[in-house]
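J.: Residue numbers (the numbering used here): 85 to 271.
It is worth saying that the hints were derived from the structure and are not from the lab. Misleading hints may appear alongside valid ones.
Capping the alpha-carbon separation at 16 angstroms, the derived lysine to aspartate or glutamate pairs in EDC-like fashion look like this [to be verified]:
(1) K210 with D156
(2) K167 with E252
(3) K191 with D156
(4) K167 with E179
(5) K191 with E252
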Amino acid sequence: MAAKKPIEAASDPTPSRRRMIGTITGLGAAAALATVATPAEAQSQESYGAPSGSRLSPRQVAAAFYASYNGDLAAGFERYISKDLVLHGFDGPNERSAWVAGDLELKASLTGYRLDVFDQITEGTKVVTRWSLGGVHTGTILGIPPSGREVHLSGISIDRVVGGQSVEHWSEGNFGRFLQILRGENT
Numbered sequence: 085m086a087a088k089k090p091i092e093a094a095s096d097p098t099p100s101r102r103r104m105i106g107t108i109t110g111l112g113a114a115a116a117l118a119t120v121a122t123p124a125e126a127q128s129q130e131s132y133g134a135p136s137g138s139r140l141s142p143r144q145v146a147a148a149f150y151a152s153y154n155g156d157l158a159a160g161f162e163r164y165i166s167k168d169l170v171l172h173g174f175d176g177p178n179e180r181s182a183w184v185a186g187d188l189e190l191k192a193s194l195t196g197y198r199l200d201v202f203d204q205i206t207e208g209t210k211v212v213t214r215w216s217l218g219g220v221h222t223g224t225i226l227g228i229p230p231s232g233r234e235v236h237l238s239g240i241s242i243d244r245v246v247g248g249q250s251v252e253h254w255s256e257g258n259f260g261r262f263l264q265i266l267r268g269e270n271t
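With these hints in hand, go ahead and build the complete structure from the sequences.
T.: If you want it as structure tokens, here you go:
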């Protein structure tokens, strides 16, 4: 039986071993960076951003923005919604500032507030998100005093994402029914 050739010492790697070590080191660095740049949907609910200079896909941007509804919503708007946003809200075109103020008021007025994303579908730069939010009405919303009722608002939004921010946003949902429940109307 022939003796096996001893394995070369790692201290003197051949060129092919150096390439392999470089590849493994590069993959390790890429894995470490991936954990830092993971979109908010895969991060804890406390972290919504990515390192500056990172390139998030439109779906990652939308996922991070909607995740911010369960954390720092003001920071989510600042990071993921363009200052030059073209907005098509529930009641037609609207102003970005009105959207931000309205959603911050809504969140502050619902105890146990939570937004859930059920589906996200991406085509090119557009991301369709089906969502629902709700909580107990304990603060004034749109001039409607607290009712103590559990309320839910659901909808579908489309975001056109360019350069890491939504530059155009459409929303459709059950806003009329949501207002009826807030007011205690049983129609």
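J.: Now look at each hint and say whether the structure bears it out.
T.: Here is how each hint holds up against the structure:
| no. | hint | in the structure |
| --- | --- | --- |
| 1 | K210 with D156 | violated (24 angstroms) |
| 2 | K167 with E252 | holds (10 angstroms) |
| 3 | K191 with D156 | holds (11 angstroms) |
| 4 | K167 with E179 | holds (10 angstroms) |
| 5 | K191 with E252 | violated (22 angstroms) |
Checked against the numbered hints above, the structure violates hints 1, 5; every other hint is satisfied.
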